[in-house]
Structure formats: C-alpha cells, structure tokens
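Engineer: The chain contents come next:
There are 2 protein chains.
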Amino acid sequence: MIEEKENIQFELTDELIEKVELLVTNNNDKELKTLLNEYHYADVAEILDELSLDDSVYVIKLLDSETTSDIITELDEDIREKVLKNLSAKEIAEEVEELDTDDAADIIAELPEERQAEVISKIEDEEHREEITELLAYEDDTAGSLMAKELVKVYETWTVAGCLRRIRGQAKDVTRVHSIYVVDKEEKLIGRLSLKDLIVAKSEQKIADIAKENVDFVSVTDDVEDVAKVMAKYDLEAIPVVDSKQTLLGRITIDDIVDVLKEEADKDYQLAAGITQDVEADDSILELTRARLPWLFLGLIGGIGAFIIMEGFEGSLPKEFSILFLFTPLIAAMAGNVGVQSSAIIVQGLANDDVKGSINNRLIKEMLLAALNGLILSVFLFLFVFAWEQNFKLALAISVSLVAVIIIAGLIGTFIPLFLDKRGIDPAIATGPFITTSNDIFGIVIYLLIAKLILGI
Amino acid sequence: MIEEKENIQFELTDELIEKVELLVTNNNDKELKTLLNEYHYADVAEILDELSLDDSVYVIKLLDSETTSDIITELDEDIREKVLKNLSAKEIAEEVEELDTDDAADIIAELPEERQAEVISKIEDEEHREEITELLAYEDDTAGSLMAKELVKVYETWTVAGCLRRIRGQAKDVTRVHSIYVVDKEEKLIGRLSLKDLIVAKSEQKIADIAKENVDFVSVTDDVEDVAKVMAKYDLEAIPVVDSKQTLLGRITIDDIVDVLKEEADKDYQLAAGITQDVEADDSILELTRARLPWLFLGLIGGIGAFIIMEGFEGSLPKEFSILFLFTPLIAAMAGNVGVQSSAIIVQGLANDDVKGSINNRLIKEMLLAALNGLILSVFLFLFVFAWEQNFKLALAISVSLVAVIIIAGLIGTFIPLFLDKRGIDPAIATGPFITTSNDIFGIVIYLLIAKLILGI
Chain A
1 MIEEKENIQF ELTDELIEKV ELLVTNNNDK ELKTLLNEYH YADVAEILDE LSLDDSVYVI
61 KLLDSETTSD IITELDEDIR EKVLKNLSAK EIAEEVEELD TDDAADIIAE LPEERQAEVI
121 SKIEDEEHRE EITELLAYED DTAGSLMAKE LVKVYETWTV AGCLRRIRGQ AKDVTRVHSI
181 YVVDKEEKLI GRLSLKDLIV AKSEQKIADI AKENVDFVSV TDDVEDVAKV MAKYDLEAIP
241 VVDSKQTLLG RITIDDIVDV LKEEADKDYQ LAAGITQDVE ADDSILELTR ARLPWLFLGL
301 IGGIGAFIIM EGFEGSLPKE FSILFLFTPL IAAMAGNVGV QSSAIIVQGL ANDDVKGSIN
361 NRLIKEMLLA ALNGLILSVF LFLFVFAWEQ NFKLALAISV SLVAVIIIAG LIGTFIPLFL
421 DKRGIDPAIA TGPFITTSND IFGIVIYLLI AKLILGI
Chain B
1001 MIEEKENIQF ELTDELIEKV ELLVTNNNDK ELKTLLNEYH YADVAEILDE LSLDDSVYVI
1061 KLLDSETTSD IITELDEDIR EKVLKNLSAK EIAEEVEELD TDDAADIIAE LPEERQAEVI
1121 SKIEDEEHRE EITELLAYED DTAGSLMAKE LVKVYETWTV AGCLRRIRGQ AKDVTRVHSI
1181 YVVDKEEKLI GRLSLKDLIV AKSEQKIADI AKENVDFVSV TDDVEDVAKV MAKYDLEAIP
1241 VVDSKQTLLG RITIDDIVDV LKEEADKDYQ LAAGITQDVE ADDSILELTR ARLPWLFLGL
1301 IGGIGAFIIM EGFEGSLPKE FSILFLFTPL IAAMAGNVGV QSSAIIVQGL ANDDVKGSIN
1361 NRLIKEMLLA ALNGLILSVF LFLFVFAWEQ NFKLALAISV SLVAVIIIAG LIGTFIPLFL
1421 DKRGIDPAIA TGPFITTSND IFGIVIYLLI AKLILGI
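Chains as they are written, first to last, in this note's numbering: chain A, 1 to 457; chain B, 1001 to 1457.
If you're looking for bench data, these hints aren't it; they were derived computationally from the structure.
Computed from a predicted model, the values in this text were never measured in an experiment.
From the three backbone atoms N, C-alpha and C, an ideal C-beta is built for every residue, glycine too.
Just so you know, not all the hints are guaranteed correct.
As the list claims (entries may be wrong) - Derived lysine-lysine pairs resembling DSS-like cross-links, with alpha carbons at most 27 Å apart: (1) A/Lys33 x B/Lys1319; (2) B/Lys1365 x A/Lys82; (3) A/Lys452 x B/Lys1267; (4) A/Lys202 x A/Lys212; (5) A/Lys19 x A/Lys85; (6) B/Lys1319 x A/Lys233; (7) B/Lys1206 x A/Lys202; (8) A/Lys196 x B/Lys1082; (9) A/Lys229 x B/Lys1229.
Stated by the list, open to error - Distance windows between CB atoms, simulated: (10) B/Lys1319 x A/Phe392: 25 to 35 Å; (11) B/Glu1127 x A/Gln205: 25 to 35 Å; (12) B/Asp1140 x A/Asn26: 45 to 55 Å; (13) B/Ser1088 x A/Glu187: 44 to 54 Å.
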C-alpha cells in the first residue's frame, strides 16, 4: 500500500518545476491538479516559491481552498505577500476560513492594515471571525500572539460517557487533540485529561474524579521565548493559555514552538556573524546589503580608530621599533577571537538559563581561563619572535602584552553580554562585530602601551 | 484548585538549595521528600546539579525510582556520570526499568562499556532488556539511536471495538499516544490512525477501512538531522521508524527532535564563535580551554603569517609609505567581517535547505553584493584618508584595495562552506576563526600588493 521512497526528504528538482510551469502554460488544469495533489502542502509551497508570481497565483486559484490555505501558510514570506496582493479580500477570507485561528491570524496580520478589516469582514463564520479578531489584538511575541483558539474543553461536572459524546463533536474542529482541558462553570482552567485517560476510564466516572489537577499553563502576556523554554524543558506538546483570572483562552502547540526555537537560533547566529534582520541566502542583494552594511560600517569605524591610535603612537616611537606595528593584526585578531568566544559562551548560557551565580564570579573565572590560554599562546609567540628577531626584550614585550590583551578581551567579552542582559537588552547583539571591533581597538592600545613600557621607550 | 504562580518558570534560588542541603545534612528524609515531590523532575534535576555529589546521591537513593529515573535523565551529563558511578549496577537497572526504552538506552550508552553489560543483565523485564539491547546496537546520530520501542500498534484486520479494548492494554506502557500505527500480519507498516479517528469511528468498523494510508515514516538508518528536518517541515509530532523491509521498529517523538534542533543550533553557534566540543558556561576551566585554545592557536598562527608577510613587504617599501602598515588592522578586520557574514549566510542556508542553484551563481551574487558594500565603504574610507593625510594617491590606493579585499573575502566566505558541503564535511567548521584567519592573511597580501601597484612603488 505504501510506495517505497528512496529519500525521506522531498527533493525539489528543476525537472519538477519545469513540468509544473509547462502544465500552467498549457492550462492543463486536470493534470496539474493530479500532479500537485500527490505532494504534501509544504512541498507544493516549495514548488510555488520557485515559480513566477503569475504561475503561483494561477495554481492557488486552481486548487481547492482546503489545500491552498495550508500551502499559503508555508510559502516564503516575501512570496506570500505578493500572492495575497493578487487575491481579492473575499478570496483571502475563504482561505482563512479553512485555517486554524492561529495560522489565520498570522496571515491576516501580515496584510496592510486597511486590507485586514476588509478581509475579516468577509469571513462568514461568526465565531471564527471573532476569535481571529481577538488573536490579532495580542501583542507580538506574547503567548497570546502564538496561541490558537481551537482546543477540546470539558466541564468538571460531566461524566466520562457524556464527555466522549461531546468530544466527538468538538474534536472535528481540532487538528490534533493533545490534552483535554477541564474547566469549572466560570471557564477557569482547573485540570487536564489525556484522550488516553478518557479511553481507559469507566464511562460512569465523573471528569472531576479522573482529571489531573497539576496542569502547566502560561499567561496570555508571557513572552514566547519563555513559553518555548517551559515547553522544551518539561517536554510538553501543548500548553493551555489563561488570562489573569485563570480563564482558559487558548493553547499553544509544540510545532509552533519548534518554529520559535528555530527563528531564535537563526537570529542569534546571524547576530554573531554581523547580520541584522531576518535574511536568507536567497534574498535580494539590496536586502542583504541592508542587513550586512551597518555592521561592516561599524568595523570600518573601528579600523579607522585603530589607525588614529597607531599613528598617535608612531610619533613617539623610535624608527627601530616600528616593527611593533607589524604585530598589530595578530594582536587585534587574538583580542577579537577571545572576545567572541567568551561572549558566545555567555550569550548561549543566558539563552539556556545556564548562567548562575554572580557577575564577579564569572569575571574571575574568565580571567583565569584567559590567563591560562594567554600564557600558553604567549610562550609560543615569545619563542617565535625571539627565534625570528633575535631580540629578547622585543619578544618579551610582545608576548607579555599578548597575555594582557587576551585577559582584557575575555573580560570585555564576558562583561558586555551580562551587562546588556541585566539591563533587559538582548545580549546577542554584543557578539560578533561589536565585540570584535571594540576588542581590536582596546587590544591595540593595551599592546602598544605595555610594549612601550617594557621596551623602556 | 490550581495555585497562582507568579512566574511560569521555576526559579532556582540560593535559598532553595540551602534548604535542601540543610534537610540532607539533618537526614530529615520525610520533609525532604515532601519538599522535592512538589517540584517537576526537571526542576529537581536542576537542584541536584547544584548540590555536592554526596548530597545528590543521597537524594537519588531517598526518592522512589519512578521519580529518580526521570530526574537522572534531566541531570547535567557530567553530574549524571558521577552520580551513576555511585550507584550499583542493580540500582541503575532499577532506574532504567522505569524509563522508556529510548531514555534507558541513552543512559546505558553513557556508562563505561564493562558496566553496560552488567547493568543490562540486571534488568528484570525481559522484553525491556531485549529492546534496550536492540537500541544500543544502532549507530549514533541515526533514527535508530533516537527512537523508542514504545508505541501503539494495531493489525489491519481488527475492528474498532476490538482495537479500543486492546489499546487500553498497550497504552498504559506508552507515555503519549500520538498515532496508532497499523501493520499487516508481517508487521509491515501500512497506515496510521489517530485516537481521535478511533473515537469518532463506529465500533464495528474494520481498522483497514478507517486507517490513513499515507503515513510518513523514516528508515532506521536515516540521519537524525534529516529526521528533524522532515518532522519540523511537516509539523509531525511523532514519526514511525521502519527497516528496509518496511517492518515497524519504533517511533521518534517531537520532544526528542526539539533537543536535536537545540543541540544542532548550539553546536553551529559555538563553531561560528571558535569553540569546539559541547561546552557550557559552567564547565571547568580545563574543559573550556580544550574547546577554545585550538581555535586561538589557529588565530595566532595566522597572525604570525601576517607578520611574516608584512615584514617581507617592509623591505621593499620606502619609509614614507610605512603608513600603509597602520591600516592593516582595518583591512584585516574588514576581510574577517565580510568573510564571516557570507559564510554564515551560506551555512545557515545549507542547514535550512534554502541554498538552491549552482555554486557559480552564488559566487556571482556574492561578488556583486561585496562590490556594492565595498564601494560604499571605500568612498567613506577614501574621504577620511584624503582629509586626514592630504594625499590623493595614498587615499586612492587604500580605498581601491579595500574594495578588492572585500570582494575576495566575500568569495572565500561563500566558496569554502559550499565546497566543504559538497565534500560531505560539516560547513559550520568553516565559519568563525577559520574564515577570519585565512581572510586576514589574504586581505593583507592583496591590500599591500594593490597599494604598491597604485602608488607605483
């Protein structure tokens, strides 16, 4: 019954895209439908991402809105924006009608404000319309903005048999039943049940007697990153969302959390590499420039700063010591590398809630660590310079200052993210170019000062 | 019934740790049990991570193995290793007996080889013992190493009523029922059902009639990262694992995938920052040094290389042009920053399967992007050098070479990860210090060559 698949992953080939394009060009609707219905909606979205806008819109209008609504949620954000521009408010409302409230609200939120109201007014199902309007009102990045209204809810006074009967009704609207939430007559969350519990229980039992009372929940105003941490830590697959009066409002499922975790990881990774905004390899050169140029500019300013400092030193440095300048790229590179390492460990520790204890202890530990690394590296550098230049004092000056530079770079790399975090600023912005650039400058200043001191200039 | 919680997250306070320590010191077992039973096992694990080894072992031996087995799976790996050393093979076997097969196999796999066999032989439940032995045989990072044997399986010939009856039996051993897998009489996977389908169906219906035939599955030898991609893309909460004959072997659940995704993201982030091995902020200075020093050493070698190159140029450079050396930190920093940006975009794109099209197109795009960024930055640098040094030719030489350096750095940053990926090597190792160091050297060589050419030296 199941076809053998060679790869577990769908492969988007040029042949497949060309085949779809040809079917569109020939208006061969029947075959196109048959072909695309073979694929999962997430795969069809990948195909549409590669088609021209006209072709994509053609396919969207051709397929049933039950399928296309799912496809639309999976399209690349830029492509989706363009596709939706080519659909009428009525058509978008029909797509939205097929979706769960959370996905529906996400799509509507991406529309220009004036269109949002128009699309909402065209949603025929009144309850769906009201629920979507409610979800749109929650602030970005809160549990409310991520939750769906779809859930299975039972009252504590029901019996197992009555419950099963009513769940048969409710469950049809809910894609996946994780937990059944138990509420009292004021709609307050007081417990939960699994479908398994219900199946295993005797039919005359009261819900109140079989419900588990310790149910994890989050508040509608909680930050999504905190929700993600709780769900990952406690291995939850869904978590109910309540308001300040404990009223059950909705639920968040693990698949949305997987997306949050991925986005968060991507963002931190990009910040560490000096890229802002959420860009992808396939974005336009202009978008990529906007994400990359500011950080490069920061690096340029840092480089100019380093130049000015070095020129200042040059005036007071006898010509025979100009060799010191030939080591500045080495010093800057080491300061940058150490700084990035220590900031990355702290940023990651903060993200995983692993960083316990006082800032002072952290700094002392980093100092010891940097001193150890610095010493090992400096011995090596000393041996090289001494062998190469046959000058003991010069070798000593350069290698001693390297230790100092490494220790200070480690301290800066540790302190800045901790400091930003204490002030409520995302510490991830402190990694990458920010740390590298400031450490370049600090490193060069410290190096030249210490070298001058040791050389007695 | 539910207590009001101020924070959704458990907070590990010094007071709590001290309280636990005091109860341990006083051998106040009853109160200690009462206190710890209030917390989720993942929270208890966090408490134990902070206690002395003796205290942790005391707590583990005190609590029921039903609770402690879960606590042990959540302990920090280093702490777990030490705790298990302090338990007898029999005690470990008792803990393992309480766990699902996947968690049980993970814990046993961490033991020294000679202890593994001893612990396994002490597991009383024969089926559990055999299943764990099977799981231990799969290679690391394959679907087999991640799957659990616990699942709910029904035969296509059963009726809904018969099925519900038997599921009541099977489900007790399965923590969470996601899907019910339908097999034929040869144990081959031929479809799936949700509990919801079963509840909604009529009791006399045949399983074969209500089963969904298109069931996603993975092969037991598939890479876990591929499994994670499939599950995230298709929003799956569990996926069955089969062998080459389509025999149902086990299933992988989304909570394990969340862990895989987090580990993968952490690893890439650390590599980009020049940290190998899986270290955390709280690891020992020695462990952190082992993870950081090799990359710093690479940077040092690069710096020494840059020095040797610059010294080579110095001989052929008239003294009035030694100012060129004062710009080498700027050039190296820009080359490093651009390289890290382009490699990070490629590495992330490869991880998300976003990188389509040929390597040549990628390189052309990166060249245009780097040229655009380089031009903007060079105009700025030209104006600065010209204003500062009043030397048109010098300003031109430095800024023109900056453009060239940026373009080449971008190309290197794009090419290396693509090249590594083609050869089957994890491209993430090419980010961070590797790119920075090689770009430092290339950048300085190109800069000095072009500057010499323009200045006509």
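Engineer: Each hint needs a verdict: does it hold in this structure or not?
Structural biologist: For each hint, the structure was consulted:
| no. | hint | verdict |
| --- | --- | --- |
| 1 | A/Lys33 x B/Lys1319 | 75 Å, violated |
| 2 | B/Lys1365 x A/Lys82 | 23 Å, holds |
| 3 | A/Lys452 x B/Lys1267 | 41 Å, violated |
| 4 | A/Lys202 x A/Lys212 | 16 Å, holds |
| 5 | A/Lys19 x A/Lys85 | 26 Å, holds |
| 6 | B/Lys1319 x A/Lys233 | 63 Å, violated |
| 7 | B/Lys1206 x A/Lys202 | 24 Å, holds |
| 8 | A/Lys196 x B/Lys1082 | 37 Å, violated |
| 9 | A/Lys229 x B/Lys1229 | 20 Å, holds |
| 10 | B/Lys1319 x A/Phe392: 25 to 35 Å | 26 Å, holds |
| 11 | B/Glu1127 x A/Gln205: 25 to 35 Å | 31 Å, holds |
| 12 | B/Asp1140 x A/Asn26: 45 to 55 Å | 50 Å, holds |
| 13 | B/Ser1088 x A/Glu187: 44 to 54 Å | 52 Å, holds |
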